[in-house]
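Participant: For reference, the chains in residue letters:
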Amino acid sequence: MRILVVEDDAGIANGLRTNLQQRGYAVDVCDGIASAWGALRAERFDAVLLDLGLADGEGGELLLRLRASPPATGAPALPDPATPVLIVTARDLVSQRIAGLDQGADDYLVKPFDVDELDARLRALLRRAAGRASPTIRYRDIEVDPAARTVLQAGKPVDMSPREFSVLLVLLQARGRVLSRQQIEERLYSWQSAIESNAVEVHIHHLRRKLGSGCIQTMRGVGYFMPQEAL
Amino acid sequence: MAAPGSAAHPSRGPVRHSLTRHLLLWSLGALVLVWCSFVFVGYRAGVNEADELTDGHLASVVALLINLRAFEAVDQAVTTQRPAMPWLKAHDYQQSISVVQWNAAGHVLAHSGSAPLPAFNEAEGFADLSLGPQAVAWRSFSHWDVSRTRKVMVLLELRERDELAQDIADQMVEPGLWLLPVVALALGLALHRGLRPLYALSADVAALDPAIAQRLASRHAWSEFESVVASINTLLERQQAALVRERRLANEVAHELRTPLSSIALQASALGGGLDPNAQAQALARIQQDALRAGHVLNQLLALARASRAELHEATAPVDLAATARAVCVDYAQAAWQRGGEIAVVAPEALPMAGHGVLLDLAVRNLVENALRHTPHGTRISVQIGQSDTGAVWLQVCDDGGRVQAAAGNASMARPADSLQLGHEIVLRVAQMHNGTFGVAAAPAPFTTCYRLDFPPPSAVAAG
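Sequence lines, in order, name chains V and B.
Going by this note's numbering, the residue at position 15 of the first sequence is 15; the numbering climbs one at a time, nothing skipped.
Going by this note's numbering, the residue at position 376 of the second sequence is 376; the numbering climbs one at a time, nothing skipped.
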């Protein structure tokens, strides 16, 4: 999962980056509206953590601009106005919370906050964005718990690395849709991460070995997908 | 009749008296006084009128009889009884009227009526007589004829005259007595109706909520309320402005404190998750920096609280503002040098003014500190002090560094430990306590930013 943190305080930005990376997220940080808007136009993010008081303006302006963007009709249309946004700010007045949510935020968290709570809210946002109500994702005999970062197959735990887990999560959330290697990489790596040339192929290979060769399909010359189960 | 709202806060403090009841009691008191005077005067007038009427009646009868030779028509021994007329009041037609005629020698020529025979005397005119064994009081009028050969006396029992007077007085007083309660009721209703604008004003004032932007409505357009409504609206505006300022300050403080605390919490959480030694050292350094930052904000808050309370406890005293500025700049000279900049004071040798020395020191310190925190390395800072022809003292802190936020993105520049607002709020409060103003001023070349404190001349302070 790739998260964009828009925060002008270096201490908080670094702290968020480290904590979210430790929880398996790919994190990019922008310290102002201009750089964040550029990032949103260039890359797809699964969620945005947005501070309100930024060096070059109000975070609410960025939120309004994002929500006013034309809806994505094709895969590369950016920025995506449906991107979940979680406001993280020191402003705690009820009127400010209401204003933030009315501007289009999906959730509102007042500083200081517990990192576990932030993670839980992020998971809830991502779950809602994927159209799921259940905290776990089921696919055939596989059950994935994003909060606990565990995978069960036929009730038995499957051991996997954080990166393998992330690839599985990306494919599960896009199930039925083919994702190119580049799209998977974009969801897995932040700008600062070094990407090995065949990292995605290696993780797919490991996942097939652990979960069975039939769960992840290859569309030659295009990418990978997990077939949607027939209803 | 209780006024609406008179018992609005029955449980609060002493018993509140009703203005309506107060007005009603005073009005009724005045009304009863006037009414009693009217009744008394009416009664007296009734009695006087009865007296005059009776006396006039007696005189008329005498004038009628004085030339009648009654004894020539009727034997003096014959007494003519009048028929009884019980449906008439005792005084009606004054039944007791009696007539006596004497000759010059005092012999009775004629005597009619029920009055006992009075003793003869030469006197004429009105007289009150007591006649008979019961000494009944009679009113009489006697007169001699022109030749003084015959005297006629007409008598009337005083009881009948008094009954007539009582009747006249009663006729005058009675409507007043039964009209009094009606007038009192009408007065109460009129007062209640007339005080309705006051009730409306009272209800509107009670319903005011200073927390939201409210004013007293223009429906209270009575000239008597003009100053009250204007004063209340002025107070409301001040209260609302103060609330807005306090809210803004609370926001600012919340932001300034929550940001370093959030950073500390995040770094601590990251340390708990396991970091490589380099990242661990960075996280610890950040925690230390943020703890100092939170401490600085707390110091600012304490200074603000102190500035807010000083007004109540401390009196103004002569302060040398130039000496204060020099002392502050000496304290920050090392910090300015470490940043590759410089700090200077442009001021007369001495500049005395009346003020709170500690607070003025606090204000100058905040301005210099802000200039150091919010400008890039190498910035020149100048503390300038002066006095106008009117005696008004001013102080400004200028720098040529621009603001950090304006130059965001310059990686070599450290972020300020706090925003300008909290420090400026402290300076503003100090200025207000000295009846002065604080704000941004035009920066003289080569400086780019100036914050200026203006204090009023001593004459204005004394007048104010």
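To be clear, the hints were calculated from the coordinates, so they are not data collected in a lab.
Careful: at least some of the hints might be erroneous.
[Stated by the list, open to error] Pulled a few chain V residues facing chain B out of the computed Cβ check, cut under 10 Å:
no. : residue
1   : Asp9
2   : Gly53
3   : Thr89
4   : Asp92
5   : Ala99
Ideal Cβ placement from N, Cα and C applies to all residues, glycine included.
Participant: The hint names Asp9 (chain V) as touching chain B; please verify it with the least Cβ-Cβ distance against 10 Å.
Facilitator: It holds, given that the least Cβ distance between Asp9 (chain V) and chain B is near 5 Å, below 10 Å.
Participant: Given a cut of 10 Å on the nearest C-beta pair, is the interface hint for Ala99 (chain V) held or broken against chain B?
Facilitator: Status violated, d = 13 Å.
Participant: Interface hint check: Thr89 (chain V), Cβ to nearest Cβ on chain B, cutoff 10 Å. Holds or violated?
Facilitator: Status holds, d = 8 Å.
Participant: Would you check whether Gly53 (chain V) satisfies its interface hint, that is, whether its CB is within less than 10 Å of any CB in chain B?
Facilitator: Since chain B brings a Cβ to about 6 Å from Gly53 (chain V), closer than 10 Å, the hint holds.
Participant: Take the shortest C-beta to C-beta distance between Asp92 (chain V) and chain B; is it under 10 Å?
Facilitator: At 6 Å from the nearest chain B Cβ, Asp92 (chain V) passes the 10 Å test, so the hint holds.
The structure shown violates just one earlier hint, number 5.
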